[in-house]
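Start from the sequences, fold in the hints, and give me the full structure.
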Amino acid sequence: MFENLTVFQTSAAMARHAGQTQALISQNVANADTPGYVGHEMPPFAALYSPDETAGNQRATRAGHLNGSASAQEMASVEMRGSENPNENTISLEAEMLKAADAKSNHDRALAIYKSALDVLRTAVSTR
Amino acid sequence: MTDFSSARSVSASGMQAQAQRLRHLSENISNADTPGYRRKLISFQTAMGQGNQISPVQVGRVRLDQSDLSTIYDPSHPMADETGEYKGSNVNLLIELADAREAQRSYEANLKMFDQARNMSSSLMQLLRR
Chain A
1 MFENLTVFQT
11 SAAMARHAGQ
21 TQALISQNVA
31 NADTPGYVGH
41 EMPPFAALYS
51 PDETAGNQRA
61 TRAGHLNGSA
71 SAQEMASVEM
81 RGSENPNENT
91 ISLEAEMLKA
101 ADAKSNHDRA
111 LAIYKSALDV
121 LRTAVSTR
Chain B
129 MTDFSSARSV
139 SASGMQAQAQ
149 RLRHLSENIS
159 NADTPGYRRK
169 LISFQTAMGQ
179 GNQISPVQVG
189 RVRLDQSDLS
199 TIYDPSHPMA
209 DETGEYKGSN
219 VNLLIELADA
229 REAQRSYEAN
239 LKMFDQARNM
249 SSSLMQLLRR
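Those protein sequences? They're chains A and B, same order as listed.
Using my numbering, you'd call the opening residue of the first sequence number 1 and step up by one each time.
Using my numbering, you'd call the opening residue of the second sequence number 129 and step up by one each time.
Derived by calculation from the structure, the hints in this document are not laboratory data.
Remember, predicted model here, so these are calculated numbers, not experimental data.
Heads up, the beta-carbon is just placed ideally off N, CA and C, and yes, glycines get one too.
Warning: the hint list may mix true and false statements.
Claimed, not checked - Derived DEER-like restraints, expressed as beta-carbon distance ranges: (1) 253/B / 97/A: 21 to 31 Å; (2) 36/A / 148/B: 14 to 24 Å; (3) 253/B / 121/A: 14 to 24 Å; (4) 192/B / 98/A: 32 to 42 Å; (5) 12/A / 246/B: 16 to 26 Å; (6) 82/A / 204/B: 53 to 63 Å; (7) 121/A / 175/B: 40 to 50 Å; (8) 79/A / 257/B: 33 to 43 Å; (9) 44/A / 247/B: 14 to 24 Å; (10) 108/A / 151/B: 35 to 45 Å; (11) 148/B / 38/A: 17 to 27 Å; (12) 192/B / 101/A: 38 to 48 Å.
To be verified - Mimicking DSBU-like on lysine-lysine, the simulated pairs with C-alpha atoms at most 30 Å apart in a straight line are: (13) 240/B / 99/A; (14) 240/B / 104/A; (15) 168/B / 215/B; (16) 99/A / 115/A; (17) 240/B / 115/A.
Rendered as structure tokens:
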């Protein structure tokens, strides 16, 4: 019922995206000393809604489409190439920390939006 | 598995790997004066997950450093040969200490990621509260 409201849908997708980003960053940090490891990162959340998709990706506009629903339950991660260390590891811990702070603030923002929309609904249906 | 629990388990695997690295480093340091000791080396590798899954880190096999042992001149040593020299270990304390410092920093980075994943999931749970 309520998850069909766009504001809930969008903020839930944003929170899910931040969670996936956090999991990927954790993987990158854990593998920061693994020789030959190639880091992964999520495309930014705004890319989900931009009219021109990143090259090569088809846009899913309906749940029945091949690459997922319109809200993109699972976004594919992309590899970070370039800037290899001498042991062919592409992780920079500083950059990962920066991305982790970003992911946290995005997650907090999504939860705040969700909560405020929930409060509006609650006010609307409450009898007092 | 949800994203947060896989984030926590991958951070835990990273901390475990760094702790094992630190253990081998302290073995090397404590055996720095043992005659004939070769320093132990470990390498990290990524455990393969299926498809898009989060893949943890694991420690590979322990290898022995095959570089030359240092020769120490001490004719009074019981293991000294006719030239008055004996073979010491090939541990370089400076390298071991720098490696230990790096392991500590990586451990802290993993711990921070673990903490953040926990904070994010607990703030998600806060939504259920009124």
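Query raised in the report: Of the numbered hints stated previously, which ones are contradicted by the structure, given in increasing order?
Result: none
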